[in-house]
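Colleague: This is what each chain is made of:
Number of protein chains: 4
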Amino acid sequence: MDPTTPQTACFEAGIKFGSLYHQFAGTPISPDSADSLATAMEEAIENQPYCESVTVSVKEEALAAAIDDAGADYTELTGRLLDVAMEIDYEGVTVETSMAMADGYPLMQVDAVRE
Amino acid sequence: MDPTTPQTACFEAGIKFGSLYHQFAGTPISPDSADSLATAMEEAIENQPYCESVTVSVKEEALAAAIDDAGADYTELTGRLLDVAMEIDYEGVTVETSMAMADGYPLMQVDAVRE
Amino acid sequence: MDPTTPQTACFEAGIKFGSLYHQFAGTPISPDSADSLATAMEEAIENQPYCESVTVSVKEEALAAAIDDAGADYTELTGRLLDVAMEIDYEGVTVETSMAMADGYPLMQVDAVRE
Amino acid sequence: MDPTTPQTACFEAGIKFGSLYHQFAGTPISPDSADSLATAMEEAIENQPYCESVTVSVKEEALAAAIDDAGADYTELTGRLLDVAMEIDYEGVTVETSMAMADGYPLMQVDAVRE
Chain A
1 MDPTTPQTAC FEAGIKFGSL YHQFAGTPIS PDSADSLATA MEEAIENQPY CESVTVSVKE
61 EALAAAIDDA GADYTELTGR LLDVAMEIDY EGVTVETSMA MADGYPLMQV DAVRE
Chain B
1 MDPTTPQTAC FEAGIKFGSL YHQFAGTPIS PDSADSLATA MEEAIENQPY CESVTVSVKE
61 EALAAAIDDA GADYTELTGR LLDVAMEIDY EGVTVETSMA MADGYPLMQV DAVRE
Chain C
1 MDPTTPQTAC FEAGIKFGSL YHQFAGTPIS PDSADSLATA MEEAIENQPY CESVTVSVKE
61 EALAAAIDDA GADYTELTGR LLDVAMEIDY EGVTVETSMA MADGYPLMQV DAVRE
Chain D
1 MDPTTPQTAC FEAGIKFGSL YHQFAGTPIS PDSADSLATA MEEAIENQPY CESVTVSVKE
61 EALAAAIDDA GADYTELTGR LLDVAMEIDY EGVTVETSMA MADGYPLMQV DAVRE
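Residue numbers (full-length UniProt numbering), protein chains in the order written: chain A, 1 to 115; chain B, 1 to 115; chain C, 1 to 115; chain D, 1 to 115.
Calculated directly from the structure, the hints in this document are not laboratory data. A couple of the hints might just be wrong.
Claimed, not checked - To spell it out: a stretch of chain C is covered by chain D in this simulated footprint if at least three of its residues, at any positions, have a beta carbon under 8 angstroms from a beta carbon of chain D; those stretches are:
#	stretch
1	10-18
2	21-33
Said to hold, decoys possible - The list that follows gives simulated cross-link-like pairs (lysine to aspartate or glutamate, DMTMM-like), each with its CA atoms no further than 25 angstroms apart:
#	chain 1	residue 1	chain 2	residue 2
3	D	K59	B	D35
4	D	K59	D	E42
5	B	K59	D	E42
6	D	K59	A	D68
Being a predicted model, the structure only gives us computed values, none of them experimental. Even for Gly, the Cβ is constructed at its ideal location relative to N, Cα and C.
Taking the hints into account, I'd like the entire structure generated from these sequences.
Modeller: Here you go:
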C-alpha cells in the first residue's frame with residue numbers, strides 16, 4: 001500500500017536524523033567549539049524540506065569525559081555527546097522527534113505525531 | 001499522539017536513507033571504484049537496526065558525465081549518481097523505499113508499507 | 001629517509017585540509033546558514049594539533065548559482081563554494097595553505113613554508 | 001618561501017589521510033561488513049591525485065571490543081579500529097605514511113620520504 005501522509009511525515013523525520021548524525025559524526029569538538037558546531041548543525045538541517053526546527057545541544061559533562069578519555073584537548077563528535085530535538089511539518093502533519101541516550105546508546109525516536 | 005508501528009517503521013526507513021546519503025556523499029569515485037563503494041554502502045547500512053536489505057547501484061552514464069565535467073579522472077559522490085532501494089522490517093511492518101532522480105534532483109521516497 | 005621537520009609540518013597541513021573537506025562536504029547549505037557553517041568549520045579544524053588558524057568563507061555568488069542549479073532553496077557543500085586559508089605551526093615551522101578554484105576545480109596548495 | 005617538491009609531496013600525503021579518516025569515520029561497521037568497507041576506502045582514496053596505493057585493514061579484536069562496548073551488533077568506524085598504510089608519488093618523490101595506535105590514540109605519520 002502507498003504510505004499515508006503521517007507515514008511519509010515520519011519518513012521525512014527519519015531522513016533528517018540520519019543526515020544530521022552521519023554528516024557531523026567524527027567532527028573534531030572541544031568545549032570552545034561546541035556551540036558553533038551545534039548552531040551549524042541546527043541551521044544546516046533546517047535547510048532540508050519540511051524541517052521546521054532543529055535543536056542541538058552538546059552535553060558538557062559527556063564531552064569533558066570523552067576528551068579526558070582521548071587524552072587530548074578535543075575529541076570527535078558521536079551521538080553520546082548530543083541531545084537533539086526536531087520538528088517536521090509535512091502536509092499538515094507535525095512529527096516531534098528526539099535523540100537521547102538510552103541504555104548507553106543514542107536512540108532516535110518519534111515522540112509524537114499530530115494531524 | 002504516540003506513533004503507530006507503521007509510522008515508526010517509516011521513521012526507521014528515513015534514518016537509513018539519511019545515513020547512507022550523508023555518510024558517503026563526497027567520497028571520491030571513478031568507474032573502477034564504483035562497485036566497491038556500492039557494496040560497502042549496502043553492507044554498512046544493512047548493519048543498522050531493522051534494515052533488511054539495501055541495494056545501491058551507481059549510474060554509469062551519470063558518473064561518466066560528472067567525471068567529464070570535473071575535468072579529472074574521478075569525481076565526488078552525489079545523489080545524482082545513485083539508484084538506491086531499501087527494505088526495512090520493523091515489528092511486522094515492511095517498508096519499501098527508494099531514491100532516484102526526479103526533476104533533476106535525487107528524491108527519497110516510501111514506495112510501499114505492508115503490515 | 002625520515003621526514004624533515006618542514007616536511008612533517010606540510011603533512012600536518014594536508015591532514016587538516018583533507019579533514020575539513022571530507023567532514024563537511026555534502027552539508028546542506030543556504031545563504032542563511034552559510035555563516036554558521038563557515039564558523040563551525042573553522043573552530044572544528046582549529047581543534048586539531050598544530051592548527052594555528054583556519055579561515056573559511058563561502059562564495060556567495062557560487063552558492064546562489066548552485067542553489068539555482070539545484071532548483072531548490074539550498075544545495076550541498078562542495079569545494080566550489082569555498083575559499084579556505086589555513087596556518088599550521090609545527091615545531092617552529094609555519095606552513096601557509098589555501099584552497100581556491102583553479103581551472104574549474106578546487107585546488108589545495110601550500111603557499112609558503114617558513115622556518 | 002615556496003614549498004619544495006618533497007614538502008608538497010608530504011602535503012599531498014596528508015590530504016589523503018585527512019580525507020580517508022573524515023570521509024569514513026562514523027560508518028556503521030561489523031565483522032561481516034569490515035572487508036567491503038576496507039576495500040572501498042582503499043579504492044576511493046586511490047582515486048585522488050598522486051595516490052599510488054592505500055592499504056586499510058580493520059583490527060578484528062578492536063572491532064569486537066567496540067561492538068561489545070556498544071551493546072549492539074555493530075559499531076561506528078573510528079581510528080581505533082584501523083591500520084592504514086599509504087604511498088604517495090609526487091613528481092619523483094615517494095612518501096610512505098601510516099596510521100596506527102600510539103598511546104591510545106590513532107597517530108598519522110610520515111614513515112619515509114624518498115627522492
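Colleague: State for each hint whether it applies.
Modeller: Here is how each hint holds up against the structure:
1. Residue count for the stretch 10-18 of chain C with a Cβ under 8 angstroms from a Cβ of chain D: 9. That meets the three needed, and the coverage hint holds.
2. Proximity of the stretch 21-33 of chain C to chain D, defined as three or more residues with a beta carbon under 8 angstroms from a beta carbon of that chain, is established by the 3 residues found.
3. This hinted pair checks out: D/K59 and B/D35 have alpha carbons roughly 24 angstroms apart, not beyond 25 angstroms.
4. Restraint check for D/K59 and D/E42: satisfied, since their Cα atoms lie roughly 15 angstroms apart, inside the 25 angstroms limit.
5. Of the supplied pair hints, the one linking B/K59 and D/E42 holds, its CA atoms being roughly 21 angstroms apart against a limit of 25 angstroms.
6. Annotation: proposed proximity of D/K59 to A/D68 holds, straight-line Cα distance about 24 angstroms (limit 25 angstroms).
Figure legend: structure checked against the earlier numbered hints; every hint is met.
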